[in-house]
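Undergrad: Chains A, B and C supply the protein sequences, listed in that same order. Yeah, the first sequence ends on 107 if you go by the numbering used here, and it's all consecutive. Yeah, the second sequence ends on 107 if you go by the numbering used here, and it's all consecutive. Yeah, the third sequence ends on 107 if you go by the numbering used here, and it's all consecutive.
I should point out that these hints are in silico values taken from the structure, not numbers from a laboratory. Treat each hint with caution, since some may be false.
Note that identical chains are pooled: a pair holds if it fits in a single copy or bridges any two copies.
[To be verified] Each computed EDC-like pair below joins lysine to aspartate or glutamate, with the alpha-carbon atoms no more than 16 Å apart:
{"hint": "1", "residue 1": "Lys64", "residue 2": "Glu44"}
{"hint": "2", "residue 1": "Lys61", "residue 2": "Glu79"}
{"hint": "3", "residue 1": "Lys105", "residue 2": "Glu48"}
{"hint": "4", "residue 1": "Lys64", "residue 2": "Glu48"}
{"hint": "5", "residue 1": "Lys64", "residue 2": "Glu25"}
{"hint": "6", "residue 1": "Lys42", "residue 2": "Glu21"}
Since we're looking at a predicted model, the values are computed, not measured.
So the chains spell out like this:
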Amino acid sequence: MVSAVELKLLTIVAERVLEERLIRDLRSLGARGYTKTEVTGEGSRGVRASEWEGKNVKIEAIVSPEVADRMFERLAEAYFPHFAVIAYVIPVHVVRGDKYI
Amino acid sequence: MVSAVELKLLTIVAERVLEERLIRDLRSLGARGYTKTEVTGEGSRGVRASEWEGKNVKIEAIVSPEVADRMFERLAEAYFPHFAVIAYVIPVHVVRGDKYI
Amino acid sequence: MVSAVELKLLTIVAERVLEERLIRDLRSLGARGYTKTEVTGEGSRGVRASEWEGKNVKIEAIVSPEVADRMFERLAEAYFPHFAVIAYVIPVHVVRGDKYI
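Extracted from the complex, chain A is given alone in its bound form (with noise of 0.2 Å):
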């Protein structure tokens, strides 16, 4: 049996522009690495976006629950009464999780 260690999947959605502020905030609250993929989408404000403005980004990160409260509490500060992003906890068991504490 290999070892895996609980840890939390931090995954973000957002509109693209906010990609760069994102990542260095992550960074910056402890994560130690990122994986980001390219969405579309529609919020519940019920609008659907241009080709081009419907464009988001998926950004997941593997951290301590320090590391994801931390940055809910960022997102909720700095994000939330500005910007359309969701944001959600997911608990995960990680191979050599001890690479993302």
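Could you slot chains B and C onto chain A? The hints should help.
TA: Just chains B and C, lined up with the frame of chain A:
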């Protein structure tokens, strides 16, 4: 501590031709938004599709447990008998989760 | 209520050059299918790769707990010593889950 609401992350993977129909059904059953990712894949039929046919869409939506159940029922009735569709649900903690209900 | 089976969502993020090998291993260890997403990322080594080198693949498979464990062992033996690979498991409720076992 920022409050987070426990909701469901509903993920559906299907042929791209089903995209509009799936999103219409999700909406009509109560989903407030979705994220779409272009993916490829190979299913349990063991057939590797051609470059074009292998292109699938992954639709993710943060929903209440009730909306997830309703969409599962819709999938079982109207999709699974006819199409190769994958659907699963994961519990997630969502920042500002009240937006999704 | 549509019955859903509890299975594992196994996610692997790796350099694209490993894609075929990872899928072959997943298959041989019992996975019945997979979904592939093209992603980019930055790992715990802190090196931002060039436009091309940063391109990774995310492979997701719905598997039994046994298949997830076997793939974790394979990753620990044959991949982690040599490559930057991220792997984690999430419990999921899957519609028509019997297809994946």
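Undergrad: When the structure is checked against the list of hints, which entries are broken? Sort them ascending.
TA: 2
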